[in-house]
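**Q** Each chain, written out:
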Amino acid sequence: MSEPLDVPVALQRGRPVGWWGVLLLVATEAALFGAMIASYFYLRFQAVHWPPPGVPEPKVLVPTLLTIVLVCSSVPAGAAAAAGRRRLPGRASTGLVTTAALAAVYAAGTFVLMVQEWQDSPATKDAYDSLFFTIQGAHAAHVAAGILVNLYLLATIARGRISQYRMNGIWAMSLYWHFVNALAVLVLLTTVSPSL
Amino acid sequence: MATVVARDELRKLQATWHERPGLKAFLTTVDHKSIGRRYLVTASLFFVAAGVEALALRTQLAVPDAGAIGPKAYNQLFSMHGVTMIFLFVTPFLSGFGNFIVPLQIGARDMAFPRMNALSYWTYLASGVFIYSSFLVGEAPNDGWFNYTPLAEKAFTPGLNIDYYNLGLLFLAISSTVGSINFIVTILKLRAPGMSLNRIPLFCWGILAQAFSLVFALPALSAANIFLELQRRFGFHFFDHSHGGDPLLWQHLFWIFGHPDVYIIFLPAIGIVSSVVPVFARRSLVAHDWLVLATVATAFLGFGVWVHHMFATGLPNVTFAFFAATSVIIAIPSGVQVFGWIATILKGHPVIRSPMLYVLGFLVVFVVGGVTGVMFAAIPFDQQVTDSYFVVAHFHYVLFGGAVFPIFAGIHYWYPKLVGRMLDERLATWSFWLFFVGFNLTFFPMHVTGLLGMPRRIYTYHPGLGWDTLNLLSTIGAFTLAVGILGTMGNVLRSARRGEPAPDDPWGANTLEWATSSPPPHFNFASIPVVRSQDPNWDVEDRREDRRRLARAELTLSEGHETIGTSWLDGDIEEIHESPPESPWPLVLTLALAWFFTAFLTGHWVLAAIGIGLTTAAVGGWNLREPGEE
Amino acid sequence: MRFWVTESGNAAPVRRVALVGGVVVLAGCADEQSTLRPESDAARSVATMWWVMLVASAIVVGVVTLLVLLTLLKRRGRRDRVDRTDSPGATTAVLVSGAIVPAVVLVALFVYVLASLGATSQPSGGTAFPIEVVGKQWFWAVRYPEQHIATANEIHVPVGVPVEVVAVTDDVIHSFWVPRLNRKIDMIPGRRNRLRIEADRAGVYRGQCAEFCGLQHANMAFYVIAQSRRDFERWVEREQQTPQRGAPGERVFVDTGCGGCHTIRGVSNGTIGPDLTHVGSRTTLAAGTIPNRKGYLGGWILDPQHVKPGNKMPGLPLSGRDLQELLDYLESLR
Ligand code: HEA
Ligand code: HEA
Ligand code: CUA
Ligand SMILES: [Cu+2]
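Residue numbers (this note's numbering), protein chains in the order written: chain Z, 1 to 196; chain S, 1001 to 1630; chain R, 2001 to 2334.
Please note: incorrect hints may appear among the correct ones.
Stated by the list, open to error - Here are a few chain S residues that face chain R, going by a calculated C-beta distance under 8 angstroms: (1) Lys1072; (2) Val1336; (3) Gln1384.
Claimed, not checked - A short, non-exhaustive set of chain Z residues, derived as facing chain S with CB atoms under 7 angstroms: (4) Leu24; (5) Leu32; (6) Met36; (7) Pro56; (8) Ser74; (9) Gly78; (10) Ala79; (11) Thr124; (12) Asp126; (13) Gly160; (14) Ser163.
No lab work stands behind these hints, which were simulated from the structure alone. Each residue gets a CB set at the ideal place from its N, CA and C atoms; glycine is no exception.
Just chain Z, same shape as in the assembly:
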């Protein structure tokens, strides 16, 4: 073997390693939620009454509307990633802001709902409530973390330049958002399942 090897500088044909890293993070988080949701159904199928007597049926309408709002945020998140790849800071910023705003609506709405539901029947009441609040809370925490990441990225490109590093960041973030949104649907289906 003697043909000289040319290495093209800064050529990127595949996805950045950061994207792969987030993909695996998403995989392990999916397994975490999988374990929690499986626990929910495991206990549900052992119970005679689910929710137990005296615990109100889960609300359906408002959580569904909120979830729809959140799922919509996948669009601006994807747009931000596309704009990032084309190094368009303005469009990327718009995408990031819109994503964060939609997510914030969801987070605020979910927070209010959870406070109300806690007053009706707190997590310490029984296994049903414990799982309900733990799964909801874990998901809400993921949304909150996502909002922070979005704002952080926004700040880093505020100077009007998107470096390779930040571009990879936005790309990876959009993957995370798609995951959080898909998860929102699963969490919704799980938590409202007794009312369906």
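Take the given structure of chain Z and dock chains S and R with the ligands to it, following the hints.
**A** The following block gives chains S and R with the ligands in isolation, referenced to the frame of chain Z:
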């Protein structure tokens, strides 16, 4: 002319990758080799701790009705022995080898995420210290390594014992998760050009299978830890029957993690075996592709057997039959591997040196542990001997025999590369025989004590049940084994200063870690090697070409912290991967996390909230500057 | 020394046997708890399974060991020489010996296992004689629902009659295990697990808790006492009797507060500790921890935490006379 270019390139690489020795470099290094060594040293210390705990157990059990250790201490000691060996010794020790060896074996200059790598070390260290600090308050975890509820609930274990367990394992989970993701991306994306999937060394396959298993199995344990901590601290209900929970939920969650975990330990360990065998058999592996397939199959099947730990719980027999079937199937990939190694040695011309001694020892003892594992798949037999010393015998034969023997093979095999000096072969041989005899003397009698009805986790027993002599033998064996281990430890320490200097490739090995100097320079390879077979270091002409390429300043990437990114399937060059230099943030983030966990443990909720804030800030600080800037 | 001696071939249990020497406190005969000395169909089927699997395993281990030793006989290789040829023949040999042969063996094993499940599993019919055993930290409460008997740590069963043990728990998970009679079964909160035991012969079979249950998991043993039908019925009759009232020790028992935790039928109805209605007839105390003899009993009552550290009975102060009366009383409860 050519040599001038080469010298120039080397100087540039030296300057870029150099870390000035000193405290600052110590705290901020991201070099996978330093981190790997740290993992190995730290895990060894935990091994000694857990080993001393084991010796304490054996001392108490040497004779019936002994009074050396009371029940309170005994329960903490056996729990910490199990927790330490599994979580703080074997797994991290293998990660240490992984850290040091994987980038070298695939021809990369570092891991994909060097700072994350530092993070996974620091969080490992911190969580280990966290768990061990429980001894200071006399409340170490005491409900066994699988910590069944309801015993682990607040009503039955009111102290901090189980909070240490839950929080410590969650803390450690951060380390394992980050580490696994790093290994996967490194192995998939940073391989040397030409190292297509089918040319990945088997040790890397082992690490890859381990990392994938961790990514999918560990969350089950974390979920269980979170649930239990919420139940203990805030009165949630998950495992208590009185409020709609179920104690078996814990068992399911634990073993959905727990069984994959035994292969998480086993697969990288046998990766070491697959590394050592061809080198000392002087032959490339027989049935190579089947061995890869077996590794992957074991990792997959490992997710489908967990209920075999619950055969005595009274679940329906159809459930048991299913899990018994999967449990026998899993013996087949192991069979392929065992006979693959044996065939390789028999077809080759073995050179019997200390690494090979440990491998041959491994083959014999692992099969003993394997067949008792298959016996457990016989449901009624398992229901008879589960939770007896027969199980203790099985899992030491597979854990110690199947993982610690290979680890010792790895120590003797890679020591020259790690340290740059050779071990004393005579001392190594002596230690091996003490180790081998001591091991069997300790654990073989336990099969019989178990069959004679001795339950595990008992701090004492009455005389006359037929267990006395056997227990005494086990204790004598344990101390013999300890002397053997002491021999190896002495060898390792002594040779670090007095051993003969090691050549680059003392064994005539087939993988790329032996293509660079011993120990390797910070940048690992001056010119990234190009690979054309499964045994690249036996391609003498290719390695000469590497050197010629250096002289042409090709693939040297001497402009910054750079290595080659390749496509995951074929190993085609895709990008030049920028690798960040040293950073203080991994340590800072770890300290923030330690703050959080400590505040949570002690119930200072405001401080815990501040800990979350600090953690967030540290993550932000980490990413504030781009690796290229500075 | 052992607790039980056999009476002229008929293995009925006999009262305690005198203790020899100070050190050896408690012991059984060497195989009292051995899975390899089965005394029932169920345990025998498991023991047979073990011997079958042992032979098969010995062959596997033997072959592998032999092959490993064989490698030592091979001509030694050299550092500078390697063999990189492909060897399809060897690969086939690996697959045959590592996959195909084991697959055949494993399928056979699996079929054998399925066929043996019936011998050890829960009874399907309701014909068996029920006994409820409640695991508690760290002793066993035993109830005979049809005979209205309650006792502890010693389970009398008739020989040759299938007995259905209903295994439940009051606190954490325990596991009911009498190796010579059958495999074990866990006692799990919220579940009523069942296990059938049927002793072939009269005799005493030691059992022990097999799931870690806290501080005194080690001292949570019990005895199954299999008796001929007649002996068993006599035992039932005696157990059903209510103890005589009015002994001086009875007053001590009540005044000291023992009754808050212990039941003596007609006297008190505590449920935290073992039922003591016929404690005098038992062979051991505190779940197989000490022999039931006056000296040990006195030591237990004065300082149970010394005898069995961490157990749930507190030491209670008693004057010498009260203690004497109490001991006489408890011993009289036969
Ligand atoms: C490295 C760790 C490791 C490994 C590799 C294994 C390997 C296996 N284990 Fe083990 N196991 C543990 C670690 C491990 N185990 C631990 C830690 C526990 C106890 C946890 C606790 O309770 O604390 C446990 C407990 C355990 C149980 C539960 C016992 C109980 O608690 O009642 C069972 C039940 O099925 C089991 C089965 C198996 C099987 C079928 C294998 C198989 O993978 C083995 C396959 C290998 C071979 C069979 C040998 C090679 C094959 C041949 C030479 C081919 C020919 C062979 C035949 C024809 C049989 N194991
Ligand atoms: C990789 C895993 C691993 C390893 C290597 C070991 C190694 C050893 N184990 Fe392990 N063991 C477990 C994993 C492991 N164990 C697990 C998971 C459990 C279950 C816990 C539970 O039930 O929850 C267990 C349980 C367990 C028990 C059962 C306790 C009980 O049920 O009551 C016993 C009893 O003998 C035991 C003994 C030993 C001994 C003697 C060693 C020896 O091989 C140790 C040898 C090592 C050393 C001795 C240290 C190094 C030597 C020196 C530093 C020399 C200098 C020191 C002196 C001479 C003082 N172990
Ligand atoms: Cu009860 Cu162990
Ligand atoms: Cu298992």
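**Q** If you test the structure against every hint from before, which numbers come out violated?
**A** Going through the list in order, the structure violates hints 7, 8, 9, 10, 13 and respects the others.
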